[in-house]
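Trainee: Whatever position you read off the sequence shown (first residue = 1), add 126 for our numbering.
Hints should not be assumed to be uniformly reliable.
Below, computed lysine-lysine pairings styled on PhoX-like, alpha-carbon distance capped at 25 Å [unchecked claim]:
1. Lys358 with Lys433
2. Lys433 with Lys202
3. Lys381 with Lys240
It should be emphasised that the hints constitute simulated quantities derived from the structure, not laboratory data.
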Amino acid sequence: MQTSNINEPNPLPPGQPSSATGNSSQDINERPSFFERYAYGIKALIIGMLVIFLLIPTAMIMGLISEREQRQFEAKGEVSGKWGDAQTITGPVLVIPYYSKPGVTSTAVFLPEKLAVNGELLPEIRRRGIYEVAVYSSHLQISGAFSALDLNSLNIDPSTVLLKDAYLAVGINDMRGITNQAGVQWNGQNFYFNPGIPATNLFENGMQVRVPLTMSDSGIVAGNFAVNLDLKGSAQLYFSPVGKTTTVNLNSNWKNPSFDGAFLPNAHNVHAKGFTASWQVSNLNRNFPQSWIGANANLHSADFGVKLFLPVDTYQQSTRAVKYAILIIGLTFLVFYFIELLYRSAVHPLQYILVGAALCVFYTLLIALAEQLNFSIAYLIAAVLTILLVAAYTASVLRSSRMAIGIGGVLSLLYGFIYVIIRSEDQALLMGSLGLFIILAIVMYFSRRIKWGEL
127 MQTSNINEPN PLPPGQPSSA TGNSSQDINE RPSFFERYAY GIKALIIGML VIFLLIPTAM
187 IMGLISEREQ RQFEAKGEVS GKWGDAQTIT GPVLVIPYYS KPGVTSTAVF LPEKLAVNGE
247 LLPEIRRRGI YEVAVYSSHL QISGAFSALD LNSLNIDPST VLLKDAYLAV GINDMRGITN
307 QAGVQWNGQN FYFNPGIPAT NLFENGMQVR VPLTMSDSGI VAGNFAVNLD LKGSAQLYFS
367 PVGKTTTVNL NSNWKNPSFD GAFLPNAHNV HAKGFTASWQ VSNLNRNFPQ SWIGANANLH
427 SADFGVKLFL PVDTYQQSTR AVKYAILIIG LTFLVFYFIE LLYRSAVHPL QYILVGAALC
487 VFYTLLIALA EQLNFSIAYL IAAVLTILLV AAYTASVLRS SRMAIGIGGV LSLLYGFIYV
547 IIRSEDQALL MGSLGLFIIL AIVMYFSRRI KWGEL
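Kindly generate the complete structure, drawing on both the sequences and the hints.
Mentor: Following this line, the structure appears as structure tokens:
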């Protein structure tokens, strides 16, 4: 007689798992992994890292701009080296040699009582390759007068003065720019200048001529002078206010002057045909005396004049545009990220990189085109090409023309916003702050639809 064991479980058919084991395996398979649970958060971190990664090519673009600026500087140097450098005119001044000790010669320098300069500036544009350089020719009439030279004020014994060796000196930055046989009318007599200054501590470069002087009980009797000087130069023309009263009047057909130096014009008029400007400077406005012995009195500390400003600086504006690259890249990636969240469309990180690369290429296009065209036209062409490229790629990846149009519209607004900031130099901070406020408000508005807790 057989007895069944009630404690023994009923056998299951072969290949049929137990219910307990089956439920446990099913729970494990259905539980989302860490990467699945936080996929969009991880994607946000990856996108942020890609934005930072794309700062590398933007830094390389800044290096490219610096390189092109250096080439422009070298091109300007080549033109200036053959035409004439930036010019500064100092003088005329009187240099009086005397014996400070037996056998030892020193020099005393006397500045004029009055100095008047009337000049005409004739600018032109020269090209070296693709670069423009502003150069000029000038016709200058320099006149004035010296009062009696008081030797006692410098403790100079009149008997030690080498009167026949006294000379009139004019400092000129680049002697290659002189285009006429420069001469001076001294008390009605005509003399021609010679190159070089014997007193090397007075001017680095210049010209001089010996002039007749006479001695009186009150000192050395000097006189009046008039100099006609034709001078070429580049970029700027400056003057040193060596007169007790200095007056400078300039006129030119250059429409974009930049008045610079220690003094601005007392009066100026910039109009469609050029500009006129007048300066009046007193000896009380500068920090060197009317006469001294020996070393240079730092005459150039009070220089003033005009620069021939070229209104379009391609590389400066390109640099300002590149500084906003992180804004354009970051906001473009943010739009793609919102598309992923709202429409459950997947965009691969490699596709983000390709879009970012297209946004970086915009700046190389801008630099290359701006060297050949007007900056505004170059900016428009580069922006349109970039927008079309990114929009077409978006349509292909997301298979949605509506999203592609949206991306193109966002990029159009961003590039337009950056262009306004670049062109509004004085109001750039205000425009930028308002623009960022509006952008933040738009991002906050669209992000309200996202259920962050379910991501």
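Trainee: Hints first: check each against the structure and report whether it holds.
Mentor: Evaluated hints:
1. Lys358 with Lys433: 14 Å, holds
2. Lys433 with Lys202: This hinted pair holds, its Cα atoms lying about 15 Å apart.
3. Lys381 with Lys240: 30 Å, violated
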